[in-house]
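All chains should be built: construct the whole structure from the sequences, respecting the hints.
Numbering (numbering that gives the first Met the number 0), first residue to last: 0 to 162.
Heads up, some of the hints might be wrong.
Cβ pair distances, simulated, as ranges [said to hold, decoys possible]: (1) 106 / 64: 27 to 35 Å; (2) 71 / 14: 19 to 27 Å; (3) 67 / 102: 30 to 38 Å; (4) 122 / 82: 18 to 26 Å; (5) 127 / 84: 18 to 26 Å; (6) 17 / 142: 19 to 27 Å; (7) 139 / 21: 20 to 28 Å; (8) 0 / 82: 14 to 22 Å; (9) 50 / 155: 17 to 25 Å.
It is worth saying that the hints were derived from the structure and are not from the lab. In this text, all values refer to a predicted model and were calculated from it rather than measured experimentally. The beta carbon of each residue, even a glycine, is placed where N, CA and C say it ideally should be.
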Amino acid sequence: MTRVGVVSDTHGLLDLTRRVMEVFAEAGVERILHCGDIGTPAVVEALSALPVDYVCGNCDGAGSRLAEAVKTYGGTFHGKSGEVEIDGRRVALYHGQDEELLDTLARSGRWDLICTGHTHRSGFSELYGTRILNPGALQRRWEAPGAAIVDFPKIDVTFFRVG
Numbered sequence: 000m001t002r003v004g005v006v007s008d009t010h011g012l013l014d015l016t017r018r019v020m021e022v023f024a025e026a027g028v029e030r031i032l033h034c035g036d037i038g039t040p041a042v043v044e045a046l047s048a049l050p051v052d053y054v055c056g057n058c059d060g061a062g063s064r065l066a067e068a069v070k071t072y073g074g075t076f077h078g079k080s081g082e083v084e085i086d087g088r089r090v091a092l093y094h095g096q097d098e099e100l101l102d103t104l105a106r107s108g109r110w111d112l113i114c115t116g117h118t119h120r121s122g123f124s125e126l127y128g129t130r131i132l133n134p135g136a137l138q139r140r141w142e143a144p145g146a147a148i149v150d151f152p153k154i155d156v157t158f159f160r161v162g
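Structure (structure tokens):
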């Protein structure tokens, strides 16, 4: 089993990002998926204790300064979207601002899980037989700040709140 932390929409909030990292450490998280709207290179540094896969969100611009921070602090920068394999499960990472693209990804049947952000609302659902996870947000949120932990290969999801 691999335990993965999923976070999105950190928007440069260091205190809450550090709190999420504490929860991840306590839970035995081995890897992080960041679904965009990272905000600042300082967030990349704050997450650098674990391997992290990043995608850009609509607030990250072209992401060049964030890509440079990932080179400095470690991790993988995928640009607008990415794909990873965890315990034999195919996972797509995408911020989520283009609903047509999200629909296309889900319809493709290629993915066991699609991790998104953007809406600032946590949720775990299914679309065309593909599981979709939004861990919620740390800033500009509709609900308490939070993230999620996923246990692979079963894709068991646990949401948590920080604050």
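Item checked: Numbers of unmet hints, in rising order -> none
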